[in-house]
Amino acid sequence: MSILYIVYRILLSQYRNFHFNRVFILVALCLSAILPFIELPADTSLVYMVGMPTFTLAEINFAASQEKIPVLARRFTSIELLMLVYWIGVGLTSIRLGLQLVRLYQQKQAFTYQSQEGYQLIYTQGQLPTFSFFKWLFWDNSQKLTERETELILLHEKTHILQWHSADILLTEIYKILFWFHPVVYAFQKSQRAIHEYLADQAALQEGSSEIYIRLLTHSLLKKLNIPLVQSFYHSSLKSRISMLRSVKTNKPTTWKAVVSILSALVLILVYACRSQDSINPSARTTAVDQMPEYSGGTDALYREISQTIRYPLSARKAGAQGQVVASYTINKEGKLENIEITQGVHSDVDQEVIRVLSNLKQTWTPGQKGKQATNVKMALPIQFVLEGKDKSNSASGGKGLVVVGYAPSDNISTDEPFVAVEHMPEFPGGFPKLGEFLAENLKYPAESREKGVYGTVFLSFVVKENGDISDIKIAKGVNAEMDAEALRVAKLMPKWIPGKQSGKEVPVRFSLPIKFTL
1 MSILYIVYRI LLSQYRNFHF NRVFILVALC LSAILPFIEL PADTSLVYMV
51 GMPTFTLAEI NFAASQEKIP VLARRFTSIE LLMLVYWIGV GLTSIRLGLQ
101 LVRLYQQKQA FTYQSQEGYQ LIYTQGQLPT FSFFKWLFWD NSQKLTERET
151 ELILLHEKTH ILQWHSADIL LTEIYKILFW FHPVVYAFQK SQRAIHEYLA
201 DQAALQEGSS EIYIRLLTHS LLKKLNIPLV QSFYHSSLKS RISMLRSVKT
251 NKPTTWKAVV SILSALVLIL VYACRSQDSI NPSARTTAVD QMPEYSGGTD
301 ALYREISQTI RYPLSARKAG AQGQVVASYT INKEGKLENI EITQGVHSDV
351 DQEVIRVLSN LKQTWTPGQK GKQATNVKMA LPIQFVLEGK DKSNSASGGK
401 GLVVVGYAPS DNISTDEPFV AVEHMPEFPG GFPKLGEFLA ENLKYPAESR
451 EKGVYGTVFL SFVVKENGDI SDIKIAKGVN AEMDAEALRV AKLMPKWIPG
501 KQSGKEVPVR FSLPIKFTL
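For what it's worth, UniProt numbering labels the leading residue of the sequence shown as 1, then goes sequentially.
These aren't lab readings, by the way, just hints derived from the structure by calculation.
Any given hint might turn out to be false.
With a cut-off of at most 30 Å between alpha-carbon atoms, the simulated BS3-like pairs for lysine-lysine come out as follows [what the hints assert, rightly or not]:
1) LYS372 with LYS516
2) LYS372 with LYS336
3) LYS474 with LYS496
Quick list of simulated restraints, FRET-style, between CB atoms [what the hints assert, rightly or not]:
4) GLN120 with VAL259: 38 to 44 Å
5) THR309 with LYS505: 17 to 23 Å
6) GLN114 with LEU266: 46 to 52 Å
7) ALA110 with LYS452: 53 to 59 Å
8) ILE10 with GLN125: 44 to 50 Å
9) ILE10 with ALA481: 39 to 45 Å
10) ALA33 with ILE10: 21 to 27 Å
11) GLN373 with LYS108: 43 to 49 Å
12) GLY126 with LEU81: 47 to 53 Å
13) SER471 with GLU441: 20 to 26 Å
14) ARG9 with GLN125: 38 to 44 Å
15) LYS505 with ILE355: 27 to 33 Å
16) ASN360 with LEU266: 44 to 50 Å
17) ASN141 with SER2: 43 to 49 Å
No residue lacks a Cβ here, since even glycine has one placed at the ideal position from N, Cα and C.
Start from the sequences and build out the full structure, keeping to the hints where you can.
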């Protein structure tokens, strides 16, 4: 809204095409209201990089009410206070508009009127000045005017009626209810009123001398009516009106201003509507959509299926090929996996094996969502291929990711790389229910976060080593510094787990543990 007002002030405030200016202001106000909901469908694909695959445990829900804390009077958060102030403002401005409409109706009922062609002429007997509101023309019949002056004033007010200027003002008043706090709304309204007067003055000038009309304006300078909704002949912007009257017939066309203002508005629409199509930093791609696509059964089911079906091609093992393969693919709006591409390869047969496995996934996907609409989401999955006993310096990811180990049945299993899915998954002593009890007993809801009304889910990532120890604890996705630190603190208190096993041998397995803090 502010940008459009700046465009208006620079290019159009002195532009004499008042009809164009009127339309520009109305369009600017409408655009400001609907732009947040506009999103061009040029390319709805969003990218999410699966950085470190993990076996994800079920979510642990930790509520502040689980803590034994003294019951305090509820405090409003800063957001709640702001919303309270906003709705109070909406209520007061709504009441103000309603009272103004009621007052106008009462004044109309208090006087006699005559029906004219296209409007009602209401005689105020000197109690109110001349003004109009939609098809009501309030006329101060106590004025001592010549027949010519009467014609000019009537023509001025009838122009307001015929061009529906009151509809503009009512629309702006409704806009002010919703955005009562925004100073640009009031600036636009002031400009809008001036344009209405310029249009009415312009129509009156076509029937009379500008000097006579100016004299008529100055004669009644002090007559004002304190009802913002109406169109009064004696509008207070007298100086600017006289300036416009004297220049309107001599001003040279400046069509370029209209063209530039239209182009500016179009550029603003395109820039704003395409905001979600900007390049996304891979490290921040998890926030690109409101809800990421999800494989049926969850992430752990996806990794387990891949680990059970993928093979290390013999040709690649003979060639000593190892390293990280990155496969990109799109989960479309219908939840189908498509457009599989290898963006980083190791060996042609390895690359084809990854494409084969992804193409033959048994389960379906729940599509990602942006707002309330399903959207295409482009994802990337790194898979690490490692040859047992070989130098791993060629490994692009340093061992992070879904690991496929190439070894003969009699070979020893490498324990250097954490697995994602194994035959026997690690287990917290006593099982998942005991893990929930452990977290509930040890977690403390950070006091400052509780007072501010902050809540959310912290995703912990850690490795259960072959001896059951917990290592490499980190925050995969946090909420704030306090909650992240509390989740890390409690994770470090966890006892040894029962380690996972692959081919009868203990191996390290990476887990992801979501802890949900709720008020």
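Hint by hint, here is what the structure shows:
Using a Cα cut-off of 30 Å, the hinted pair LYS372 and LYS516 holds, with the two alpha carbons roughly 23 Å apart. Between LYS372 and LYS336 the alpha-carbon distance is near 19 Å, which keeps this suggested pair within the 30 Å criterion. With a C-alpha separation of about 17 Å, the suggested pairing of LYS474 with LYS496 holds against the 30 Å cut-off. In this structure, GLN120 and VAL259 meet the distance hint of 38 to 44 Å, their C-beta atoms being roughly 41 Å apart.
THR309 and LYS505 have their C-beta atoms about 22 Å apart, which keeps the hinted 17 to 23 Å range intact. Our hint of 46 to 52 Å for GLN114 and LEU266 holds, since their Cβ atoms are close to 47 Å apart. At roughly 54 Å, the beta carbons of ALA110 and LYS452 sit within the given window of 53 to 59 Å. One distance hint, 44 to 50 Å for the beta-carbon pair ILE10 and GLN125, holds here, with the actual separation near 46 Å.
Between ILE10 and ALA481 the beta carbons are some 44 Å apart, a value that agrees with the proposed interval 39 to 45 Å. Evaluation of the 21 to 27 Å hint for ALA33 and ILE10 yields a pass: the beta carbon distance comes to about 23 Å. Checked against the hint of 43 to 49 Å, the C-beta distance between GLN373 and LYS108 comes to roughly 47 Å, which is consistent with it. Look at GLY126 against LEU81: about 49 Å separates their beta carbons, and that is inside 47 to 53 Å.
Restraint check, SER471 to GLU441: a C-beta distance of roughly 23 Å satisfies the suggested window 20 to 26 Å. Range check, ARG9 to GLN125: about 41 Å between beta-carbon atoms, so the 38 to 44 Å window is met. Under the hint 27 to 33 Å, the C-beta atoms of LYS505 and ILE355, about 31 Å apart, fit the expected range. Checking the proposed 44 to 50 Å range against ASN360 and LEU266 shows it holds: the Cβ atoms sit about 47 Å from each other.
Between ASN141 and SER2 the CB atoms are about 45 Å apart, so this pair conforms to the stated range of 43 to 49 Å.
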